[in-house]
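Novice: Take a look at the letters that make up each chain.
There are 2 protein chains.
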Amino acid sequence: MRTRVKQLFVNKDFYQEQEVEIKGWVRTNRAQAQFGFLNINDGSYLENLQVVYDNKISNFEEISKYRVGVSVHIRGIIKLTPNLKQPLELHATFVKLLGDCPEDYPIQPKRHTREFLREVAHLRPRTNLFSAVFRIRSVAAMAIHTYFQERGYVYVHTPLITCADCEGSDQMFKITTLDLNQLPYDQNKVDFSKDLFGKQAFITGSGQLQGETYAMAFSDIYTFGPTFRTENSNTKIHANEFWMIEPEMAFCDLEELMDIEEEMLKFVIQYVVDHCPLEIDFCDQFVAKGLKNKIQNLLNSKFTRITHHDVVDILKNAKVKWEFLPSYEDDIAKEHEKYITDYFNGPVFITNWPKDIKAYYMKLNADGKTVAAVDLVVPEAGELMGGSQREENLEKLLARMEELHINKEEIDWYLDTRRYGGCVHSGFGMGFERLIMYLTGIENIRDVIPFPRTPKNCEY
Amino acid sequence: MRTRVKQLFVNKDFYQEQEVEIKGWVRTNRAQAQFGFLNINDGSYLENLQVVYDNKISNFEEISKYRVGVSVHIRGIIKLTPNLKQPLELHATFVKLLGDCPEDYPIQPKRHTREFLREVAHLRPRTNLFSAVFRIRSVAAMAIHTYFQERGYVYVHTPLITCADCEGSDQMFKITTLDLNQLPYDQNKVDFSKDLFGKQAFITGSGQLQGETYAMAFSDIYTFGPTFRTENSNTKIHANEFWMIEPEMAFCDLEELMDIEEEMLKFVIQYVVDHCPLEIDFCDQFVAKGLKNKIQNLLNSKFTRITHHDVVDILKNAKVKWEFLPSYEDDIAKEHEKYITDYFNGPVFITNWPKDIKAYYMKLNADGKTVAAVDLVVPEAGELMGGSQREENLEKLLARMEELHINKEEIDWYLDTRRYGGCVHSGFGMGFERLIMYLTGIENIRDVIPFPRTPKNCEY
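Chains as they are written, first to last, in this note's numbering: chain A, 9 to 468; chain B, 9 to 468.
If you're looking for bench data, these hints aren't it; they were derived computationally from the structure.
All of these numbers come straight from a predicted model, not from anything done at the bench.
Cβ coordinates follow ideal geometry from the N, Cα and C atoms, glycine included.
A couple of the hints might just be wrong.
What the hints assert, rightly or not - Which bits of chain B does chain A cover? Going by a derived footprint, with three or more residues having C-beta under 8 Å, they are:
| no. | stretch |
| --- | --- |
| 1 | 48-60 |
| 2 | 73-79 |
| 3 | 144-151 |
| 4 | 203-209 |
Could you put the whole structure together from the sequences, leaning on the hints where they help?
Specialist: Spelled out as structure tokens, the structure:
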């Protein structure tokens, strides 16, 4: 039975002087005349296991020539080494090559640029950096499920394929089973009756509307799945495929929504800190100095709650030459977000946004000008979550849809949430990659997605 | 602070004689002259809370007219009722209407057919049946994450958008940002250089190949996400969008793969039994009599392991008039699966399949005729998982790709898993909906997916 390297480190006293068997990949091989050292990583742990081998092993000569990247099977005795850099070593009695690796293996024990590693996205998880990043990503996903499930939320798999283009079909990928080189036409228009669904279909950018219908049954639900945007923008923070979390809560107003957002974010971050201490240390040391401090500050802070109007007042009074002039009618620019999080020295919930820059389904406030929306802006991360209380009043919702030319017929089912036992309810969306960038200090979204999809880039 | 109905039932002694506040939806209202009963469901629990109201409440007249489906806010005192059918009641002191519901509300307290409920998929989670089904679905998802994360597997978000059509582009939806009514053409072919990714893109039916590259870094990984098939087949077990789990393990052969499959399946089923006792009871009573027995039998059974060849021997010797004649070269038909699970009285792993009916990446056995593939067939469910040891030998893999005309250039990155420290490795796929159908006894896949997508059917 093979032992995972992580087990050896975590239960080292148990394994002292025990014979163990491991399988993994050689990260380095330092061979000398009579003995040598292999650093082995099996992916279970960020640290490598140091394996000592000597010329008492029959294939010593062969082992000493193992190249970086080969996979091996090793048996030996665990020795604790409290006086050395590494806490333990494996003294090999048996070493066998499982899979060879040529000289030109791209992942060598040296610093590779992240740009280079993006070109070998299928190999980069074999580096310490991406081993840390993608383990954090995995654990953060588990943290999110744990938070919601422990609190009785129902995880809803909302559909990705949709025929309603209420998001505006420009924003969505079209999907089809038709041969694009030989589309069937009828009166100069594509005849979608021949397509699989009998009409034009898309992949969607949000499960919110379907999520709301489930919140009207289960009270508390969440979605967590892939999401798509067709944006043709090559920035460090945009990808065309990413993962999103969209919780939706019945009987929940804007204040309660903020309570949940704050509690969830702290829970998830604390969970990752608890489960990935080595990985966070690594990112603090090699990706973003001060990362641990930043995270600890967030965990210790009480998030500020302030209206958009009051934020603009602060910005207007600031002695700063803005690139974008703050305005009561407009969005908050990146430079403003930064100023505000500095001003309050922590995360800030900005509430009650001008209705004209927000979505039709958000609750209109009594002033008739603002909606009960909330964005959470976080130091060094910018906007991390966006949510709102939903307009539960059918007449007001219909009026707003009319104003914005939203097709009512297409989402009549959605309006049923307001017709049949409607109630005050709220929800938010969090881009999962934003969270991972925050937790790792990584600045480019391409480095927190295993195989990122961006304009002109769809490899692997 | 609002209390969830589930809390009242689970901690009923704590709440005895306590004043509580609840919010939920009226499932029934039985009003009499001086008093009445509301059955309230807030989605946290399968059972309704019985609320007693009487004419000491100022708006008694109004309450007694509440229709099915309205949402309400109620305050009152919890009374334990050990001699009644329900273990507790809420004696209301305050009842307020939150959202009204018209007479023609489709979800009335009577039996609705599942066909009818599919037509109101956005409302059906408000019924007991779908409340049970979709809570089981949510909890089963958590069970899967728990199983893998507790064992150190890394959850990998493999991409859905792909440009490699190695699955055969007929099997995949094409996606585009181009206007289908005005496609740009170059020499009579669509000019995909104008598309977002600069070439023809698809949404994929599997993350396995990308998953394998991550297994070569982390040893143990899994995916869990939506998957797409373009199959134009209207059956009870096919949908065009469904969720799939695809674990992939380095240093794992076919025998170990079966160990993992069996352990995982039992873990997940036990987890759901433990966390959803009411829901399983409900399905046993109203969906599939004997469900609990079936589940308990699976948990207690040791799964049989037998080769495809030996299965065919058994089928040939059976005194049965087969619709499909058993053959050493062919797939196992539904009727055969049923015979074999009956024969062994439990789940059966069928191994070593004829290579010609399996995928190119499966490990060729020494006989040169079969591959180290395994299907798990389960009583009353049929095939629940399919997996294989992968061909780790580059030359053999290339030869097989050549035979099957798989484009090598397009997935050259995949071949790197065999070039750079390759090793024996294995993986499997499990359709999540199959599992939910097994756990609930539901026979139509449309009833275990919140908003199912099937040919000509893409509503909501």
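Novice: If a hint holds in the structure, say so; if it does not, say that too.
Specialist: Verification of the supplied hints:
Only residues whose C-beta sits within less than 8 Å of a C-beta in chain A count toward coverage, and the stretch 48-60 of chain B has 3 of them, enough to reach three; the restraint holds. Only when three residues or more bring their CB closer than 8 Å to a CB of chain A does the claim for the stretch 73-79 of chain B stand; here the count is 3, and the claim holds. Residue count for the stretch 144-151 of chain B with a Cβ under 8 Å from a Cβ of chain A: 5. That meets the three needed, and the coverage hint holds. Remark: the stretch 203-209 of chain B is confirmed as covered by chain A, as 6 of its residues place a Cβ nearer than 8 Å to a Cβ of that chain, reaching the required three.
Checked against the numbered hints listed earlier, the structure breaks none of them; every hint is satisfied.
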